[in-house]
Amino acid sequence: MFSRGPHDNGTSYTIGLGRYPDGRLAEVFVDCHKLASSLTDDARDVGIALSIQLQHGVPLAALAGAVARRPDGAPCGLTGGLVEAIMKYEAAA
Numbered sequence: 000m001f002s003r004g005p006h007d008n009g010t011s012y013t014i015g016l017g018r019y020p021d022g023r024l025a026e027v028f029v030d031c032h033k034l035a036s037s038l039t040d041d042a043r044d045v046g047i048a049l050s051i052q053l054q055h056g057v058p059l060a061a062l063a064g065a066v067a068r069r070p071d072g073a074p075c076g077l078t079g080g081l082v083e084a085i086m087k088y089e090a091a092a
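Mapping of the sequence shown onto numbering that gives the first Met the number 0: position 74 corresponds to residue 73, and the numbering continues sequentially without gaps.
Across the chosen pairs, the derived CB separations fall in these ranges:
no.: 1; residue 1: Arg-18; residue 2: Asp-71; range: 30 to 36 angstroms
no.: 2; residue 1: Arg-23; residue 2: Gly-64; range: 16 to 22 angstroms
no.: 3; residue 1: Val-66; residue 2: Ser-37; range: 17 to 23 angstroms
no.: 4; residue 1: Gly-56; residue 2: Gly-9; range: 32 to 38 angstroms
no.: 5; residue 1: Glu-89; residue 2: Ser-37; range: 26 to 32 angstroms
no.: 6; residue 1: Gln-54; residue 2: Tyr-88; range: 17 to 23 angstroms
no.: 7; residue 1: Leu-34; residue 2: Tyr-88; range: 24 to 30 angstroms
no.: 8; residue 1: Pro-70; residue 2: Arg-18; range: 33 to 39 angstroms
no.: 9; residue 1: Ala-48; residue 2: Glu-89; range: 15 to 21 angstroms
no.: 10; residue 1: Tyr-19; residue 2: Arg-69; range: 31 to 37 angstroms
Hints were generated in silico from the structure; no laboratory data involved.
Just so you know, even glycine gets a beta-carbon here, dropped at the ideal spot from N, CA and C.
Model the full structure from these sequences, guided by the hints.
Right under this line is the structure:
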């Protein structure tokens, strides 16, 4: 589990990762610690979507290349930001 933040909206996120027995990523859990908010729902749903994609063999690099980006190359949205954070975390591990 690790933290990413703050996002453009000022919210920090905690990211949990589940793995297959061989160490490959299998699940992503995302929490923004804002009870009963649409941000919490969005964070949870992004985690579910990323998990399903990983379980169907989509590599994080493919996801990172598919998200909208700003002129400086930074991801525009939550999904891209989380994918980048996970990739950096995995590279440092």
